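If you're matching them up, the sequences are chains A, B, C and D in order.
If you count by full-length UniProt numbering, then the first sequence holds residues 1 to 342, one letter each, in order.
If you count by full-length UniProt numbering, then the second sequence holds residues 1 to 342, one letter each, in order.
If you count by full-length UniProt numbering, then the third sequence holds residues 1 to 342, one letter each, in order.
If you count by full-length UniProt numbering, then the fourth sequence holds residues 1 to 342, one letter each, in order.
Please note that the accuracy of each hint is not assured.
Under the rule of at most 30 Å between Cα atoms (straight-line distance), these lysine-lysine pairs were calculated in the BS3-like manner [stated by the list, open to error]: (1) A:K190 to C:K69; (2) D:K43 to A:K341; (3) C:K155 to D:K289; (4) A:K341 to D:K289.
Anything over 12 Å on all C-beta distances counts as not near chain D; from chain C, calculated [what the hints assert, rightly or not]: (5) K5; (6) D57; (7) G67; (8) V216; (9) L251; (10) S259; (11) S335.
Taking CB as the label site, the calculated pair distances span [to be verified]: (12) B:D208 to A:E191: 42 to 50 Å; (13) D:E326 to A:G67: 28 to 36 Å; (14) D:E116 to C:G235: 48 to 56 Å.
For the record, the hints were derived by calculation from the structure and aren't laboratory data.
All values derive from a computational prediction rather than experimental measurement.
Ideal Cβ placement from N, Cα and C applies to all residues, glycine included.
Number of protein chains: 4
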Amino acid sequence: MKKVKVAINGYGVIGKRVADAVALQDDMELAGVCDIITDWRIKIAVQREYPVFAFNDDFRKQMENAGIKVQGTLSDLIQKADIIVDCTPKKIAAKNIEKYKEANLKFIVQGGEKHETTGHSFSAENNYETALGRESTRVVSCNTTSIVRTLTALKNAGLLKKARGTLLRRATDPWESHLNGIMNTLVPEKEIPSHQGPDAQTVDPDLDVITAAVKVPETLSHLHYWNVQLTREAGKEEVLDAFRTSTRVALINYSDGLSANNAIKELMLALNRPYGDMYEVALWEDMLKVQGDELFYAYVVDNQAIVIPETIDAIRAMTEIEKDSENSIRKTNKSLGLRQKF
Amino acid sequence: MKKVKVAINGYGVIGKRVADAVALQDDMELAGVCDIITDWRIKIAVQREYPVFAFNDDFRKQMENAGIKVQGTLSDLIQKADIIVDCTPKKIAAKNIEKYKEANLKFIVQGGEKHETTGHSFSAENNYETALGRESTRVVSCNTTSIVRTLTALKNAGLLKKARGTLLRRATDPWESHLNGIMNTLVPEKEIPSHQGPDAQTVDPDLDVITAAVKVPETLSHLHYWNVQLTREAGKEEVLDAFRTSTRVALINYSDGLSANNAIKELMLALNRPYGDMYEVALWEDMLKVQGDELFYAYVVDNQAIVIPETIDAIRAMTEIEKDSENSIRKTNKSLGLRQKF
Amino acid sequence: MKKVKVAINGYGVIGKRVADAVALQDDMELAGVCDIITDWRIKIAVQREYPVFAFNDDFRKQMENAGIKVQGTLSDLIQKADIIVDCTPKKIAAKNIEKYKEANLKFIVQGGEKHETTGHSFSAENNYETALGRESTRVVSCNTTSIVRTLTALKNAGLLKKARGTLLRRATDPWESHLNGIMNTLVPEKEIPSHQGPDAQTVDPDLDVITAAVKVPETLSHLHYWNVQLTREAGKEEVLDAFRTSTRVALINYSDGLSANNAIKELMLALNRPYGDMYEVALWEDMLKVQGDELFYAYVVDNQAIVIPETIDAIRAMTEIEKDSENSIRKTNKSLGLRQKF
Amino acid sequence: MKKVKVAINGYGVIGKRVADAVALQDDMELAGVCDIITDWRIKIAVQREYPVFAFNDDFRKQMENAGIKVQGTLSDLIQKADIIVDCTPKKIAAKNIEKYKEANLKFIVQGGEKHETTGHSFSAENNYETALGRESTRVVSCNTTSIVRTLTALKNAGLLKKARGTLLRRATDPWESHLNGIMNTLVPEKEIPSHQGPDAQTVDPDLDVITAAVKVPETLSHLHYWNVQLTREAGKEEVLDAFRTSTRVALINYSDGLSANNAIKELMLALNRPYGDMYEVALWEDMLKVQGDELFYAYVVDNQAIVIPETIDAIRAMTEIEKDSENSIRKTNKSLGLRQKF
Ligand SMILES: NC(=O)c1ccc[n+]([C@@H]2O[C@H](COP(=O)([O-])OP(=O)(O)OC[C@H]3O[C@@H](n4cnc5c(N)ncnc54)[C@H](O)[C@@H]3O)[C@@H](O)[C@H]2O)c1
Ligand SMILES: NC(=O)c1ccc[n+]([C@@H]2O[C@H](COP(=O)([O-])OP(=O)(O)OC[C@H]3O[C@@H](n4cnc5c(N)ncnc54)[C@H](O)[C@@H]3O)[C@@H](O)[C@H]2O)c1
Ligand SMILES: NC(=O)c1ccc[n+]([C@@H]2O[C@H](COP(=O)([O-])OP(=O)(O)OC[C@H]3O[C@@H](n4cnc5c(N)ncnc54)[C@H](O)[C@@H]3O)[C@@H](O)[C@H]2O)c1
Ligand SMILES: NC(=O)c1ccc[n+]([C@@H]2O[C@H](COP(=O)([O-])OP(=O)(O)OC[C@H]3O[C@@H](n4cnc5c(N)ncnc54)[C@H](O)[C@@H]3O)[C@@H](O)[C@H]2O)c1
């Protein structure tokens, strides 16, 4: 089988993880990674022997001055690829899209971009099929991915009437927490409802979901609290079984010492996950409560990792190297070592 | 008019504030404060010329060795008072109660104690009248006080059907943040629903309220997010008017730069509040949203300060120096400078 | 006696404190405060009934739209004042200087500006006299002020040979910790020696002082560790006596519970200091150690507050309403309530 | 060659790392790990197929109830081992020593114990030879290890006269930062000089070293600032060359983006180090400065990782499977992937 050649633009938090994940797939190969940086971050790509490209000639010169072997510019990379995953910062990707279109190159953007940039928003367990053969899609953000995964499971079980969530968002990513962040405070998002509810509806308009969001002073992961109106009274096991239908929701137990975001992070490191990444939504089984037709639960989202398997699946769907969502999800999960229980 | 003589047992976060507030009332006088400490904290009481008592003779000796002038022990203080406010740490007060009862001394405990210790739980705007002449009561905790205040306002306006809240709790108090705390993580409370819902019902069993709570790594104040099912569709102004009926809920605006807990704290300091204290629930007017019969809002609770006016009112109710709740609340608010708008 | 009319440009962390301090002096009056902001921060000035000015007509309009009564623009304020204290952010003041010079207005800049902007750097206990009658000076930064204060005391006692310091700097100020900061990390300053050593020498070239500095993830205050080579072997009491000659160094004791920056902050709040400000350098008496001819000690600097008394003295020196440094310092200290022991 | 059988008592921060490191050595085998815990932490050992032992029968029962397969108790483990590394919490190991002695089992304790417990303190590059064949030793703490490594390099180059350090210590370890920590403050150690100076002298009494230490609110790693009096004027390259003689000091450059503890941590994760561990002292090459005969520099210490290679070497020295320090260090470094430059 011919391998799909995947280019990555933007080798940051998401880009470097997508590159590593692509390198793990037996039906993909990494055409190269493109960025503008010259420091230790891009040297990681060099060390991994990934072909490195510069955004343009200016950055190419800077990179070369810093001793980095550069294979070409973004234009060159575009020529070498079957599909490109744009992982540049929020709102930058929108500007690159013209280039991809001109070159007839399929492209994926990340959650920092608007739905309108591609007209399609992706979450594997919900709408893989609708991305088959598409020219472009957007893998929804970390928060939205977790919402769609969990609510899709409840919806598929016929249990979901409406969901109301409070989202505690990590304030910045660990690698850059010397450059920005918040200190000893909480920062509510200006608007209630926050944008994540409508964003989930770009994947699945059927979801009745409203969220409020607040930035909290930690760098590890998000924590979501949910109050769900079920379609009917239900038992706790029934609800857990619904969540178990998702291969990307892992149940954890507070009573097992997994009682805070830092403990969960340490577990991931202990499992030898790269960067201590958790691709799954980690949902507390013993904390979950059903009262009549109301459901309450909380889960942790590793914002840096959760969209990585989704991106891999999006590549398969768009390039049609795998037409069946379950097959793709299974392959991806296996390559990354996802689990349904920690 | 004879002034009510008020004793304070435990001169910590709450006790030192209650002492200062008592000293401000024209119908009360401070009989003394009692503690076991010997460092800068109790020296503040000395400097304010409050009579200082030691828990027992051992501590008296330690205090005197540290150069603190001590007026006697708790037993002596009990003799001098008409009522005592126990502000010792969680679960300690329960042990002191026998002493107060033996001496036929009215007493108030704080929110760390169980409802059963007194059989009555107090929140001024909700149930002042039921405390008239009582021998004892419990001023409910910071979180619960804020819940009862806000939901009582909605209930009185006939708007409240049920309320679901997510409570972000500061992890420790500023003065002791070198001794304990959490770092770069979030710590969910083990149980959902958390205890604050049932606790609010000890004040008002009519409130249909369920909460989940999580400790967050900051020391300033709590932040609550609410989703309320109204009894009917309502307009935003109608809801705001309901909150305006409480003299202890102050509206704030995100658009005025009051967009985070730290900014609110700085405002309180700028208003020359002692310790930068905020006695009010600070509820975001512009963030509040009504969608059909659902209401969403968030507010900030200064955990160190919110129960202070409640405690003052509880003293008045129990000693019946003021039988009318509105009069007491008005007096208390004026002495502490409460506002309904920041 | 005619009062000196003092204008303040920039009503931020430093400006608002200088304004309050000016308002406390019996030989000064506040001509007005100038800024560009429209939110709760400037409303504090309105509430204190300080005359408010806008930087220019555009900002005047914005302020008026926000309901703030504006007395005029910076040009108007310049006309009304005998001296202006520029407390705008780092490097902005340099641009305003031309205006002040044109208007023949004496001016003070703060530590964010370079020495060259005025050619004179001020620290009251060291070089008050050299500022007498000057057209301009720069009050050195919070870190530098603390260095000059403490080393001047050692120098005057004939004890100082050379001083080597490690400066732990708070990462951002409390009011703005929702906008920027660092999280769960430490950020060394790029250069060792850091700029504070040479900066201290702009006040007193005799000081042999070298520093290294690092940003730490807290917002309360700086903490400095020093290793001083004395001119000779000395006793601990002798060294303490040297520090006691400064009226702006206050001794504290670890054994009194004042064992961390947060405890010191709480003490200042308990002393009813505005904003919990500490104008003094708080130096640990019991931690201080002399070994032969080497001295080791540590102190805490409230970065928001320490330059306030210095600025008041600088006004007196430049306007010559008080020619004697000791008189000015005594007046300032009394008005702000400085202490030599906590 | 017969492999040395190594037992580990205490499978926490240090113990789990020592176990993994032992498992990597071709001249050692892991006899088993012993602990008292029953949650996810010990399940990591199960998953790695390490033989698990319980401290005693009570804990054995608890572990078995939690579904963990237990091979026996500490007494059983002692029988199976040639040497035991005690990694229980501070001051606990001292109580286990009798058991090891009775069984004639060689043992290593960690830095939380006093020098007197074994009468020998170990740091591979300094005093490997003195541990040859010993019955017991103590691997000095993370802070002390870094001090001995760096100062030994300067001493061997004939450059070290005396060293004065300020040590910024991470407040707690990541896995337990939900259980304890400090928040928004700095906590000086009560005594100056702090204990690390004398502790370094238990390894090498020749070192003239004095330190002050302070806990800082982050969990990643320590940061040390040093001011060294050289024996003579020297050039920067000469000093760097001295540090380059240590194979466990790695030079880093601020200008390469490695400008803060978090960035260094992310680099270690990117290098696929287990847990993102850094065994080296990371010393800033471009920040280092020589002025005459004074040297200034700063470095980062990964407290969780730095003692791991030392412990491996201590095992080799005590069991004499390798008599030459350089050979042991080389083997250890290679197995763990240490580098001298990042
Ligand atoms: N960080 C997260 O947790 C997270 C989670 C889900 C989705 N996302 C989304 O993923 C996208 C990337 O975010 P990130 O966190 O990885 O950002 P990042 O800042 O970590 O990485 C962005 C990378 O793009 C590079 N870059 C910038 N301009 C470039 C250009 N013109 N050409 C090539 N490279 C350029 C940067 O140098 C950097 O290395 C955003 O849309 C974001 O919203 C982020
Ligand atoms: N801290 C808050 O935000 C907060 C808010 C609302 C209610 N409360 C409740 O108020 C009560 C007090 O809490 P706090 O935060 O003020 O505690 P704290 O620890 O700050 O103060 C308690 C004080 O009691 C003293 N003390 C301990 N044992 C004593 C004894 N035997 N006799 C006399 N004094 C003794 C301590 O030395 C200390 O000064 C608790 O019930 C708590 O749940 C606290
Ligand atoms: N923050 C500290 O701890 C501290 C300590 C000592 C010295 N300083 C120095 O004091 C100066 C002020 O710092 P700060 O911390 O108070 O800053 P800040 O940001 O808190 O305040 C600056 C104020 O100036 C206003 N401003 C900005 N542009 C303006 C303009 N064109 N005209 C009028 N006002 C304008 C801002 O709106 C703000 O209110 C700097 O030189 C700083 O280095 C600060
Ligand atoms: N954490 C660090 O950064 C660090 C660095 C260098 C040295 N050290 C030293 O290493 C030693 C261990 O510290 P740590 O940080 O790994 O501690 P830790 O608390 O992470 O681990 C200790 C482990 O010992 C177990 N334990 C407790 N009592 C036991 C018993 N009776 N029998 C068997 N196991 C028991 C605990 O359950 C835990 O798993 C201490 O001496 C410490 O000072 C720690």
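Evaluated hints:
no. : hint                         : in the structure
1   : A:K190 to C:K69              : holds (27 Å)
2   : D:K43 to A:K341              : holds (13 Å)
3   : C:K155 to D:K289             : holds (26 Å)
4   : A:K341 to D:K289             : violated (52 Å)
5   : K5                           : holds (39 Å)
6   : D57                          : holds (41 Å)
7   : G67                          : holds (34 Å)
8   : V216                         : violated (5 Å)
9   : L251                         : holds (15 Å)
10  : S259                         : violated (7 Å)
11  : S335                         : holds (29 Å)
12  : B:D208 to A:E191: 42 to 50 Å : violated (27 Å)
13  : D:E326 to A:G67: 28 to 36 Å  : holds (31 Å)
14  : D:E116 to C:G235: 48 to 56 Å : violated (32 Å)
In summary, the numbered hints that this structure violates are 4, 8, 10, 12, 14.
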